[in-house]
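Residue numbers (our numbering): 132 to 404.
Possibly wrong hints are sitting among the right ones.
Said to hold, decoys possible - Computed beta-carbon distance windows for the label pairs:
{"no.": "1", "residue 1": "299", "residue 2": "356", "range": "38 to 46 Å"}
{"no.": "2", "residue 1": "269", "residue 2": "189", "range": "34 to 42 Å"}
{"no.": "3", "residue 1": "342", "residue 2": "370", "range": "28 to 36 Å"}
{"no.": "4", "residue 1": "220", "residue 2": "307", "range": "50 to 58 Å"}
{"no.": "5", "residue 1": "311", "residue 2": "285", "range": "32 to 40 Å"}
{"no.": "6", "residue 1": "285", "residue 2": "202", "range": "26 to 34 Å"}
{"no.": "7", "residue 1": "387", "residue 2": "342", "range": "22 to 30 Å"}
{"no.": "8", "residue 1": "269", "residue 2": "299", "range": "20 to 28 Å"}
What the hints assert, rightly or not - Straight-line Cα separation of at most 27 Å, DSSO-like style, residue types lysine-lysine; simulated pairs:
{"no.": "9", "residue 1": "292", "residue 2": "345"}
{"no.": "10", "residue 1": "166", "residue 2": "221"}
{"no.": "11", "residue 1": "221", "residue 2": "200"}
It should be emphasised that the hints constitute simulated quantities derived from the structure, not laboratory data.
Just so you know, even glycine gets a beta-carbon here, dropped at the ideal spot from N, CA and C.
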Amino acid sequence: LVNARLTIGAGARLDGDRPGLATFTANMLHEGAGKRDAFAIAAELEYLGASLSTGSGWETTTIALDAPKRTFAQAMDLMADVVLRPTFSKVDVARQRDLRLAGILQQRDQPGAVANLVFSHVVFPEGHPYHAPAGGDSASTAALDSAMVRNFWNRAADPRKATLIVTGDITLAEARALATARFGSWRAPSRPLPAPTMPSEPPRPETRIVLVDKPGAVQSVVSIGAPGIDRRSEDYAAITLMNTILGGSFSARLNDILREQKGYTYGAFSGYS
Numbered sequence: 132l133v134n135a136r137l138t139i140g141a142g143a144r145l146d147g148d149r150p151g152l153a154t155f156t157a158n159m160l161h162e163g164a165g166k167r168d169a170f171a172i173a174a175e176l177e178y179l180g181a182s183l184s185t186g187s188g189w190e191t192t193t194i195a196l197d198a199p200k201r202t203f204a205q206a207m208d209l210m211a212d213v214v215l216r217p218t219f220s221k222v223d224v225a226r227q228r229d230l231r232l233a234g235i236l237q238q239r240d241q242p243g244a245v246a247n248l249v250f251s252h253v254v255f256p257e258g259h260p261y262h263a264p265a266g267g268d269s270a271s272t273a274a275l276d277s278a279m280v281r282n283f284w285n286r287a288a289d290p291r292k293a294t295l296i297v298t299g300d301i302t303l304a305e306a307r308a309l310a311t312a313r314f315g316s317w318r319a320p321s322r323p324l325p326a327p328t329m330p331s332e333p334p335r336p337e338t339r340i341v342l343v344d345k346p347g348a349v350q351s352v353v354s355i356g357a358p359g360i361d362r363r364s365e366d367y368a369a370i371t372l373m374n375t376i377l378g379g380s381f382s383a384r385l386n387d388i389l390r391e392q393k394g395y396t397y398g399a400f401s402g403y404s
């Protein structure tokens, strides 16, 4: 088996005033590329015994490919099409846009999803990249069209910000030859997306309580938190260990006491990011 993972420094932090654009674009990459539509891509992957996934987070967009060594070169052809020649057809964009809008509506009935959205909106001030949801909202999603998605990808897909990692039953020489053949023609965009201006650490607000009232809800979610410490902090390892003990696993203190011992809640956890 061989795995290839292409990571591009183009995530939701580049959305600007269009929340959800990066994650939507990433999800559209394998909906049609080159001369294949989504069904043809899926059929070809199945024939090759391969799997391909695309997605985007706050910092990066990632295209991941798994395939047996005997079909890996052919699978890389598909990967190159997805990265360099996505179609972003109007029909596919409209279909995926409607699905996302339906998902956003469904989130309103999920207490955990509502809590996460409100938490980020309250903790990070307007203008901060984390203020708006990475998946967008109803207004930003309804405005998505093929031209907007294509323009974003043409400016975001920059080989100067890309890293290809290949692991498995393959030599460095073989991996380099495959990468050069498939991606050697990849050129930097003429108008790359500007780097986002990252504000300084948000001020920690005074303690306050924000209530989202949903009459008749069968569950309540309580979220407590504040802006975290920078990932480059020398205390990162200690914070990660602390979180594991406090609430980072099922057997951690929060869940053990509040669920197992007291029976107050179905689950209580903590996280650091």
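Consistency of the hints with the structure:
1. 299 / 356: 38 to 46 Å: Hint holds: Cβ distance 39 Å, inside 38 to 46 Å.
2. 269 / 189: 34 to 42 Å: Cβ of residue 269 to Cβ of residue 189: about 21 Å, so the range 34 to 42 Å is violated.
3. 342 / 370: 28 to 36 Å: holds (29 Å)
4. 220 / 307: 50 to 58 Å: violated (33 Å)
5. 311 / 285: 32 to 40 Å: Violated - the Cβ-Cβ distance for residue 311 and residue 285, about 22 Å, lies outside 32 to 40 Å.
6. 285 / 202: 26 to 34 Å: holds (30 Å)
7. 387 / 342: 22 to 30 Å: holds (28 Å)
8. 269 / 299: 20 to 28 Å: violated (42 Å)
9. 292 / 345: violated (44 Å)
10. 166 / 221: Holds, because 15 Å separates the two Cα atoms, which is no more than 27 Å.
11. 221 / 200: violated (35 Å)
The structure fails to meet hints 2, 4, 5, 8, 9 and 11 from the earlier list, while all remaining hints are met.
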